[in-house]
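**Q** Build out the structure end to end from the sequences listed, making use of the hints.
4 protein chains.
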Amino acid sequence: MTKAQLPIGLIGAGRIGRVHAQHLSHRIARAKLLMVSDICEESAQQCAAQFDVEQTTTDYRRVLEHPDIRAVVICSSTDTHAQIIEEAAECGKQIFCEKPIDHGLDKIDRALQSVERADVLLQIGFNRRFDANFRRIRDAVVQGEIGNPHLLHIISRDPSPPPIEYVKVSGGLFLDMTIHDLDMARYLMGQEVEEIYASGAVLIDPAIGEAGDLDTAVIVLKFAGGAIGTIDNSRQAVYGYDQRAEVFGSGGSVQTGNNWPNQVTVLGRKSVTRDLPLNFFMERYLDSYLDEMRQFVEAVVTGGPSPMSGQEGRISVVMGLAAWKSHQENRPVRLDEIDPV
Amino acid sequence: MTKAQLPIGLIGAGRIGRVHAQHLSHRIARAKLLMVSDICEESAQQCAAQFDVEQTTTDYRRVLEHPDIRAVVICSSTDTHAQIIEEAAECGKQIFCEKPIDHGLDKIDRALQSVERADVLLQIGFNRRFDANFRRIRDAVVQGEIGNPHLLHIISRDPSPPPIEYVKVSGGLFLDMTIHDLDMARYLMGQEVEEIYASGAVLIDPAIGEAGDLDTAVIVLKFAGGAIGTIDNSRQAVYGYDQRAEVFGSGGSVQTGNNWPNQVTVLGRKSVTRDLPLNFFMERYLDSYLDEMRQFVEAVVTGGPSPMSGQEGRISVVMGLAAWKSHQENRPVRLDEIDPV
Amino acid sequence: MTKAQLPIGLIGAGRIGRVHAQHLSHRIARAKLLMVSDICEESAQQCAAQFDVEQTTTDYRRVLEHPDIRAVVICSSTDTHAQIIEEAAECGKQIFCEKPIDHGLDKIDRALQSVERADVLLQIGFNRRFDANFRRIRDAVVQGEIGNPHLLHIISRDPSPPPIEYVKVSGGLFLDMTIHDLDMARYLMGQEVEEIYASGAVLIDPAIGEAGDLDTAVIVLKFAGGAIGTIDNSRQAVYGYDQRAEVFGSGGSVQTGNNWPNQVTVLGRKSVTRDLPLNFFMERYLDSYLDEMRQFVEAVVTGGPSPMSGQEGRISVVMGLAAWKSHQENRPVRLDEIDPV
Amino acid sequence: MTKAQLPIGLIGAGRIGRVHAQHLSHRIARAKLLMVSDICEESAQQCAAQFDVEQTTTDYRRVLEHPDIRAVVICSSTDTHAQIIEEAAECGKQIFCEKPIDHGLDKIDRALQSVERADVLLQIGFNRRFDANFRRIRDAVVQGEIGNPHLLHIISRDPSPPPIEYVKVSGGLFLDMTIHDLDMARYLMGQEVEEIYASGAVLIDPAIGEAGDLDTAVIVLKFAGGAIGTIDNSRQAVYGYDQRAEVFGSGGSVQTGNNWPNQVTVLGRKSVTRDLPLNFFMERYLDSYLDEMRQFVEAVVTGGPSPMSGQEGRISVVMGLAAWKSHQENRPVRLDEIDPV
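Protein chains in written order, with the numbering used here: chain A, 139 to 479; chain B, 139 to 479; chain C, 139 to 479; chain D, 139 to 479.
One should not assume that every hint holds.
Just so you know, same-sequence chains aren't split out, so a pair can sit in one copy or run between any two.
To be verified - No more than 20 Å apart at the CA atoms, straight line, and that leaves these computed lysine to aspartate or glutamate pairs for EDC-like:
1. K463 with E225
2. K463 with D474
3. K463 with E333
No lab work stands behind these hints, which were simulated from the structure alone.
**A** Here's what the structure looks like:
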């Protein structure tokens, strides 16, 4: 570890934890991953071996108490996020936490208060804000390339549903999957949402419905400035990961299509074909995961503000809860019904 | 006029009337335009001169009573459609009528009853059903190329708002502009809609709001089969006419983009550019206007069914009325609230 | 026929003749097709019946001697073009003639001298100059959008080879098919060609080789200003008609793709597909055929210059002959070897 | 260094050397960069510091003599490649060498003989073979997706010319820039070239001409199977790096466009725009540099064959020399004129 490097501990060595481990170990020169924690010992050790990390533990508190570690990256299960944020803040660690903070506003608020008290930095893992396509749309909107925004559309479809066991503890479609798009809506438009109407359905797998969840949804957003937006969610696009967006305004429209494994077209006897888009978030958003972590390290090292604050992460949960209420009652729901000012 | 030609009378020689006159006179061999009627004499005569029509009148009843004329094409103002349909049916004429039939279900029902009693053919001018792009989507859905449809999106934006005087008598956004998209939704999905939620706004011109209308809207459609759709409407896309659609289903997705004046791309020092899409419906949908009239003539001559019946035209009005009610009450509205079974 | 209409006679009622007949009869208000001539009587009569032409003949001289006819459209076989141009000019008719004028420079020169002596207008049927895509490229080059042109590429592939009987009398690939591209090269670049290197092959059908012709070729053009161009020709693109071009220059690049029957994309389990491009010249270039004839009629009526002169038509033949010589001797050939100044 | 890691020495720490250093240090788990050599001490040390390499030297022989180092990566100036390959082979090192091996066939042959004698692996740095777009074209051709290949086109344009000082020692356009495309031509077609016709020009900067070089060229390739190809080269595309290719065959066509920084389109009042393609080879081909090095390490570790042999590297030089001769004598040149069998 060089003097200029930020010593970091990782809590949770699952799929997304390993993505961050790889970036912290090999791609971000200013970071040094010192310790990996996972409740499963084997998982912690595999991750450490793969990415040249020296220390492992099954108890995340050993990370929090480690005197050299200045920052933690929380990738454990969602129901532990708020608790670990609180403890990490009390230990004075700078914090990166995967989304969502929690499904309950009370727990979120307590965690955010700890962060504020301890005056540490908290960044929530809404990686899509660091994606080149969406950033380009945001830039166009902010720089006035399309005038005042009037309409927004986000298409966000997964290639296949998660296992039913995961569905049951996921918080449901709106808090698990849509939450990314709810944050993206505010990011792309640069405006707050006031009211949400959600229309959901179970069209892909009845087992998802039996688990109390939805697999298909359209969400309508009314923005403070009068603009209207929609989010389209499906748990199963057979052609792969479908991630598109458009903002339309008084001066034009800015749109993004998907990312592709190659730029090749084949013209044959029957049709013109190209290969499917990148299949899932690991391929599609890999660069954004790297960039969000780079910006986290940069913010900690330079003392800059969080590029994606806890407060912003909280709003997404409020929106997700409003979407659920709207779906259940089949009527538009204002955000201040969920979160009175 | 040859023996095989269908003698036709035109009622209303405005902009859309002249499009049909041109097609009937020059592009459809089996049709013969015998007489043009318009309440403005000069307009009737100009149209007749331009498209080689021998007879003109300012009284549409002279068209209906003309013994040689077998079919009429009604392009007068919307508030006269239902009345003229009734009279034309009583005269035994085959009828093509521009959309919408009327804004009131009572008048529509009376007109449709006349048509049924007289056993004449009635075709409503939903020209987009005859467009190559939308027909290709419909084919893909019907032929199962994308499995069961789950989600639908229609983008339909005009290049600029109509004059305020027109707005005031138009029946409002949902009955004037959205009505095309409401019909398209049923056509593309091959399913009926059960419930509508409409969210509208005045973002382009306050004068439109003062006239009691909207200029921007998102409409959510719930289909009988559980699928969900959206329509995006704006009265002003500064880059021209924007007409796109997507149907997403269990087996894939089918999407159409806009039509373009050319296929040329310019790569310069600052960006890659192409010319704007075709500007408005006259260029964009010209082929579909020709094709709908060709199919009307064909249906009359061969005694085939109407390719776009009065009953279908009526459903679009029911949907437009539901959209208005939903917007006014800010809640989802079932179609059977408007049109009890 | 109205006073303002130009009375025209058609010589040759084959495939391309009927395209022109249709446009002259139904789509160009200022034209009136008076007589159709074809050496096959049935062909002349069918064409006349289809497009409402009153008079027919099997002897083109009756067209030339017709006192009312002011302009002729020559669509007979290539070996008769030069002779008919000469006679038509002597009769004082304005002349539209399909490309190429002839395969021999002597006959071409004699025909052009007759035209000059008679002071009549001659337009050669290089319809692609009237195509929206190619005109847009030409405009970009002329208006300096891409700076000084450095490189040109033309892709021009047919969907399938013509019958061997046609191949034998066609003048060979370079004078039959490439000749369009040779003219397009000069048109797009706005420059003359000085030297040609042609490399041909028989890769599709050995019978074409046995007939002394080629079915595949690359032609390199050196322009007067130092720029270099290529033409890619194939007699058989199984996916349909392939017509693309690019001009690259000091300030950028302008490129055109193909025209498509619709703008629809289907995303399925295995790939993304779209329908094939428009299949052949009748669909692909229909608008350009209409526009070239409209401009011919306009030029005659207003006394304007020919939009595509006999002299320009002659240069294409010189280039085609140079390509043949280059291919036979496998070396670059300067145009002044074929046509000494 | 773990037991499974391949110890490697880098010779030449310039721009491309650092790309390889980064990949070997941080991205390829099975590689371990032990020593960096550069004739400029500062350059070697900077590179070592940046990528965590322990040892540096200004004498490449210290790398070759290093007992732990099993493989070397040669990124020094072209005129030293052949000599270092010879010495490295004699030291029994496995060799990766940047393209081209040399500009002279004698020196190449001597180097290749050393490699053969020493029975070491030699891989030449034609990175584009490891690019996803070009590999997809190659796969389509090899798997018969487009039938027998008939025509090939490669567009390869740099964003701006190199410094004149570099131009003077570069070996000229055909050996410095085109050489990548000459290799790509063989790779994409899966066939050898028999004859080359090159037509070059100085259109961008007269100083390039004064240095005896070209800045613009079209090269025609005749393949053994009768197919014909073209390469388009320009030293300056103001819109960035332009890297496209097409193979057309009896069963269809496969084409690749450029890579882009994002998938965003902006529709404004005047035109539709998107950002320029990736600017130069560092961004455009970064993944391919990583992949070629990964495959080198893999081949050494597993004892597999070179994915890009010295013999293949030699053929590109023969082709480049033929292109020069063709340009100078303005005639097609067979490869066996340069390299008699």
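**Q** Against this structure, judge whether each hint is valid.
**A** Here is how each hint holds up against the structure:
Taking CA atoms no more than 20 Å apart as the test, K463 paired with E225 passes in neither setting, with 32 Å inside one copy and 52 Å between copies. In the homo-oligomer, the alpha carbons of K463 and D474 lie at most 20 Å apart inside one protomer (12 Å), although the nearest pairing across protomers, at 25 Å, exceeds that limit. Proximity of K463 and E333 under a CA criterion of 20 Å is satisfied in both settings, with 11 Å inside one chain copy and 19 Å between copies.
Checked against the numbered hints listed earlier, the structure breaks hint 1 alone; every other hint is satisfied.
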